[in-house]
Amino acid sequence: KQEVTQIPAALSVPEGENLVLNCSFTDSAIYNLQWFRQDPGKGLTSLLLIQSSQREQTSGRLNASLDKSSGRSTLYIAASQPGDSATYLCADTYAGNNRKLIWGLGTSLAVNP
Amino acid sequence: ETGVTQSPTHLIKTRGQQVTLRCSSQSGHNTVSWYQQALGQGPQFIFQYYREEENGRGNFPPRFSGLQFPNYSSELNVNALELDDSALYLCASSLALAGADTQYFGPGTRLTVL
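As they're listed, the protein sequences go chains A and B. At position 50 of the first sequence the residue is numbered 50 (this note's numbering), and the sequence of numbers has no breaks. At position 104 of the second sequence the residue is numbered 104 (this note's numbering), and the sequence of numbers has no breaks.
In isolation and in its complexed conformation, chain A is listed as follows:
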């Protein structure tokens, strides 16, 4: 059974810091892994998708890496801003079950001005 874990559950940093959010998964049989952002009470915004054959993806200040062999992905946020405050969720598309997404519980990030 695929399980996705995110550490830390919550993070509070001052503006301008570089930070890393961690995501781990128990079964490496994945098609891809996605990082999402969720603002309070809102839907989900896809940030980055890494295919299983890729090592990383970048978008602006965000960089996501994937290491299938160790079952880990990281989301790196450079020069954090108060507008980055949100919950960040990772989810993998699991090969074992009709390509459905398996989700972590998220990391709640607060960037303080």
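Check each hint, because a few of them may be wrong.
[Said to hold, decoys possible] Computed list of chain A residues with no C-beta within reach of chain B, every gap over 10 Å:
| hint | residue |
| --- | --- |
| 1 | Val13 |
| 2 | Arg61 |
| 3 | Gly71 |
| 4 | Val111 |
| 5 | Asn112 |
| 6 | Pro113 |
[As the list claims (entries may be wrong)] Footprint (simulated), chain A over chain B, 3 or more residues, beta carbon under 8 Å:
| hint | segment |
| --- | --- |
| 7 | 38-52 |
| 8 | 102-114 |
Derived by calculation from the structure, the hints in this document are not laboratory data. Think of the CB as a built atom: it goes at the ideal place given N, C-alpha and C, for glycine as much as any other residue.
Put chain B on the given structure of chain A with help from the hints.
Just chain B now, kept in the frame of chain A:
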């Protein structure tokens, strides 16, 4: 914005009632997935529809049912509502191609069951 819309945005029902939630996919997408997200939790997969057929189901009872229409819009129906059904219901559309799978989420419908 993703181009995925959901209606209504908020809904209050009482136990035992039935509810229908609606989702319009992003243009060109043929796959819709529905998720339930309880407060403080990650989304839980309910089911997925591909070209009007159910294409996978999560661990939800049969009183959760769905439809996908020829224009690929979708409905989620929940019968005999229970208090624990209170959650944010998210739909996501995608184009079912090998190597694709980016899912685009709507803003969600917040359901409260009293």
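- Sort out which numbered hints this structure fails and list those numbers smallest first. Nothing - there is no hint that the structure violates, so all of them hold.
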